[in-house]
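Given the coordinates of chain C, work out where chain S should sit on it, guided by the hints.
So the protein sequences, as listed, match chains C and S. By the UniProt record's numbering, the letter at position 139 of the first sequence is numbered 139, and the numbering carries on one by one without gaps. By the UniProt record's numbering, the letter at position 174 of the second sequence is numbered 174, and the numbering carries on one by one without gaps.
These are computed hints drawn from the structure, not numbers from a lab. All C-beta atoms, glycine included, are put in the ideal place defined by N, C-alpha and C. You may find that some hints are simply not true.
As the list claims (entries may be wrong) - Coverage of chain C stretches by chain S, computed from C-beta distances (three or more under 8 Å per stretch; other residues unrestricted): (1) 27-39; (2) 254-265.
As the list claims (entries may be wrong) - Cβ pair distances, simulated, as ranges: (3) C/Pro202 with S/Thr108: 34 to 42 Å; (4) C/Ile268 with S/Arg59: 28 to 36 Å; (5) S/Glu267 with C/Asp149: 34 to 42 Å; (6) C/Val81 with S/Pro217: 48 to 56 Å.
Stated by the list, open to error - Straight-line C-alpha distance at most 27 Å; calculated DSSO-like pairs for lysine-lysine: (7) C/Lys245 with S/Lys151; (8) S/Lys78 with C/Lys245; (9) S/Lys18 with C/Lys194.
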Amino acid sequence: MTTLPSQQAVTVAPKKKGGPSTSGILLTALTYLLAFLFFFPLLWMALAAFKTEAQAFAVPPVFAFTPITENFQNALPAYGVALRNSLIAAIGSTVLAFVLGLPAAFALAVYPTKRSKGVLTWMLSTKFMPAVGVIVPLYLLFRDLGLLDTWWGLIIMYTTMNLPLVVWMMHSYMTEIPQAIYEAARVDGANVAKEFFGIALPLSLPGISATALLAIIFAWNEVFFALNLTTTDAAPLSVFISTFKTSRGLFWAQMSAAAVLTVLPVLIFGWIAQRQLVRGLSFGAVK
Amino acid sequence: MTAVPISATAPKPKGGFKITPSVMIWPAMLYLILTTQVPFFMTIYYSFFRYNLVEPDRRPFIGFSNYLGLLTDSDNLKVLLNSMILTAGTLVLTLILGGGLALLLNRTFPGRGFVRSVLMSSFLIMPLVTAVVFKNMLLNPVFGFFSWLVKSLGGTPIDFLSAYPMATIIGMVTWEWTPFAMLILLTGLQSLPDDQIEAARLDGASPLQEFRYVVLPHWTQALEVVVLLETINVLQVFGEIYASTSGGPGVATTNLPYFIYQKAFAEYNIGVASAAGVITVILTNILAIFLLRMISKNVSPGGH
Chain C
1 MTTLPSQQAV TVAPKKKGGP STSGILLTAL TYLLAFLFFF PLLWMALAAF KTEAQAFAVP
61 PVFAFTPITE NFQNALPAYG VALRNSLIAA IGSTVLAFVL GLPAAFALAV YPTKRSKGVL
121 TWMLSTKFMP AVGVIVPLYL LFRDLGLLDT WWGLIIMYTT MNLPLVVWMM HSYMTEIPQA
181 IYEAARVDGA NVAKEFFGIA LPLSLPGISA TALLAIIFAW NEVFFALNLT TTDAAPLSVF
241 ISTFKTSRGL FWAQMSAAAV LTVLPVLIFG WIAQRQLVRG LSFGAVK
Chain S
1 MTAVPISATA PKPKGGFKIT PSVMIWPAML YLILTTQVPF FMTIYYSFFR YNLVEPDRRP
61 FIGFSNYLGL LTDSDNLKVL LNSMILTAGT LVLTLILGGG LALLLNRTFP GRGFVRSVLM
121 SSFLIMPLVT AVVFKNMLLN PVFGFFSWLV KSLGGTPIDF LSAYPMATII GMVTWEWTPF
181 AMLILLTGLQ SLPDDQIEAA RLDGASPLQE FRYVVLPHWT QALEVVVLLE TINVLQVFGE
241 IYASTSGGPG VATTNLPYFI YQKAFAEYNI GVASAAGVIT VILTNILAIF LLRMISKNVS
301 PGGH
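Isolated chain S, as found in the complex:
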C-alpha cells in the first residue's frame, strides 16, 4: 500500500518547469476549491430560486422565501431542534462513557491492549451496518435480542424505534462515538506526567481531588477536541437515520442532513434543499470557528 502513492506521484512535470514549494501547494488547493467552495456558492445561488427538478425550466427568483419557509414552518423547526438534541445528547453521553472508559483503561492490567481494541471497534463500523443490525436484530419488537431481554426481565417488549425514536437513535450514535471520546481522552490522560500524580498523592490528595485538580485541567485540550469534532460530525449523521427510522415516525428523527436528502432526492425540491444546506453549513461553521481557534494554537507550520 505504501508504495502506491509514491510511484503515482512520480510523473510530475520536471523538464524545463522548475518545481517550487508554492507550485506544490496549488494542486491540492485548486482541487479543494473546485470541489467544496465552488459547489457551495452554487448551493447559495440555488437557494434563492423556486427550483424543482420536476419543472427544470421554471425557475423564478424568490429571494429569501426558501429560508423564510424553512425558519417559520413548525415541522422544519422541529428538524433543526432534532439536530441539536441528537448532537447534544450524544455529546453528553459519549463524554461520560468515553471519559469513564478512558480512566479505566489508563491503568496497567493484563490484556489492556486487547480490551482497548475491543472497545474501539464500534467506531470503525460502517454506520449503515450499525443501523441495519440494531434495527433488525437487536431492536425488533418481536424477534430482537433487546426485546427478548426486556421480556425475560419481566417487562413488556418494546418497539424501541417507534416508542422512543430519538432516544434510540441517540443510543446508536452514542455506541458509535463513545470510542472516539475514549481514544482521544485516553491519549490525553497518557500525556499526563507521572510525577504530577505522584506529587498529588504525596500531598495526600483524595482520588476525587486528584481528578478535580490534576486530571481535569490536563484533560481540557482533549475534551475540547472531542466536543468540537464530535459536534461537527454528529450534526452530519445520516446513514444511521436513513437505515433505521427514515426520519420517522413523522419527523421525530429527521435531522438536517436527512431532511435535505428528502427534499432533494425524494421531492426534487432543489431550492429548499439548498437553503437548508446553507443553514447547515452556517451552523457547522459557527461551531468550527471555535475548533480552528483552538487547534491553530497548537500548530506551528515548519516548527521544530
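One chain only, chain C, in its complex shape:
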C-alpha cells in the first residue's frame, strides 16, 4: 500500500545498521504470518465470492477454481437499493454533523472561554450514551412522527453518533492554526464570520476530509439503529447483510459477493485515512 506515511517509517530506531539480522528476519516473517492469519477470514470470504455455490461450501474446501462474476451480478439488484440507502444515510449524516459541528469546533478552538473545556467534555460524554439507553423513546417518537423506515430517521441518529467526533476532531485541527493569522485578519477588519469562512475552514480542509472519511465509515458500519429504525424502504447495507444471517438456502457465494461489495469501500477509505484514524478513534488523546 502506498498509504504508509514516509516520515513515520523513519522514527523507529533500527537495531543494527548493517544488513538485517537473523532474528530480525524471523520477526518479520512472524509479522507477515500473523497478518495473513488475521486477514484470512476476509480472504476466504473474497475467494468464495468468485466460486460457484457448490464450490463455496465444498468439503474439503476448494482452493483452486476458475473465478466467476455471476455472484456479483445476482447480488446487485438488492445490493443497489441498500447501497443507495447507505450512501444517503452516511453522507447525509456526515454533512449535517459538519454543518452543526464545524461552527462549534471553531468557536471552542478560537474563542475559548472558561466553559469551553466543559462543553467539549460534555459533548464527548454523549458518546457514552449507549444506543440502548435511548432507543425505546426514539423508536416511539419516530413511530409517531412517521420517521420509521425513512432516510431522515437514520440521518438524525447517525448525526448524533458522529457530531461529538466532528467537534472533537475539528477542534483538534483548528487549535493548530496559529492565532497570529486571525490577529492579522482582525487588524484588517475581519469579523467572526470572515474568520470562520475565510481562515478556519480553508486551513482545516485536510482535517475535514479525514474526519468526513471516519464519520462515513462509522455510519456505514452502524447496525443497531439501522435494524431497529428501518425495515425495507430505507434499509441500509447492514440490514441487507442481516438477511444472510440464517444459513438457509446456503447461498454462500452470493452472500460473499454482497459482503465484499459492502466492506470494500470502507476498507479502501480506512486504508487511506489510517493515520487520522488513530487520532479520531482516540478522540485526539493519542496523536
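Quick look at chain S alone, frame taken from chain C:
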C-alpha cells in the same frame, strides 16, 4: 467530499443577526441535548411503569419493580454477567494480541505499511459481515473451514457456536478489536523518543528490562485509552450477537444490548427494556468517568 460541508454551512444567518462564538456552539449543543439527553430522561420515565406496547393504554406506575425484577432474576443477572465476561475477555485478548502486533510493527522492515493495512482490516469490517461470514463459512460444523481444519488435524468437528458460544463470540469480537488496540499502542510506541531506547541499550538493559522500564511507562496513556474506549464499545456489542447466536443457546450469549433489543422489539416490554437501558447507561458512565478524567488532562481548549 471536502467541498460538501463548506457549501452546506454557507446559508447561515448573516444580515442583521451578528454571529458570535457562543451562538456558533448552540446548534451542536441543542442537537445533542435533543437526541441524547431528552430521550434518556424519557427512558428513565418509562422504566417506572409497567408498559407493554401490546396494551398501550394500561400503563400503571410501578416504581422500582422493573429494576427489582431485573436485578433478582437469575437469567437476567446472567445477562449482566455475560456483558462483563465478553468485555473483560475481549479486553485481555486484544491487549495481548494488539500489544504484541504493535511491538512487531514498531520496526523497520520491507512492506511494513502494507502489513499494517492488512492487519487493521478486520476493524473496518461491518460487525454483521463478520458475524455472518464467521457463522456460515468458517464455523459451520459441517461445511465450515475451521471445522474442516479441526478434522484434518485429527480432531472431531466442532459446532463452535453451540459448544462454546461465549468463547466464540469473544473470539469474533477480539478479531475485530485487536486492530484498534494495535493502532493506538503502535502510535504510543512511535512517540517514544529514540534516545531513551538508545540510552537504555547503552546502559546494557536486556530487551525485557527495556520493555519493563522504558516502553511500558511510556505506554501507559495509550493503554488507558485502549482499556476505556474498548470497554465502552464492547459493552455495546450488538450486531455480532444478533447475527450469529441470537443471544443463545438459552441466554448464554445474551448481553445487555441484545437483551434490551429482545425486550423492546420482540416482547414490546417497554418498561423492562427501559430499566435495562438505564442500568446499561449507568454502568457505561461509571467507566466513562475514568476516561473523561484521563482525556481531559490532555486537552486544553484553544491551547497552543
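Could you check the structure against the hints above and give me the numbers of any it violates, in ascending order?
-> 4 and 5
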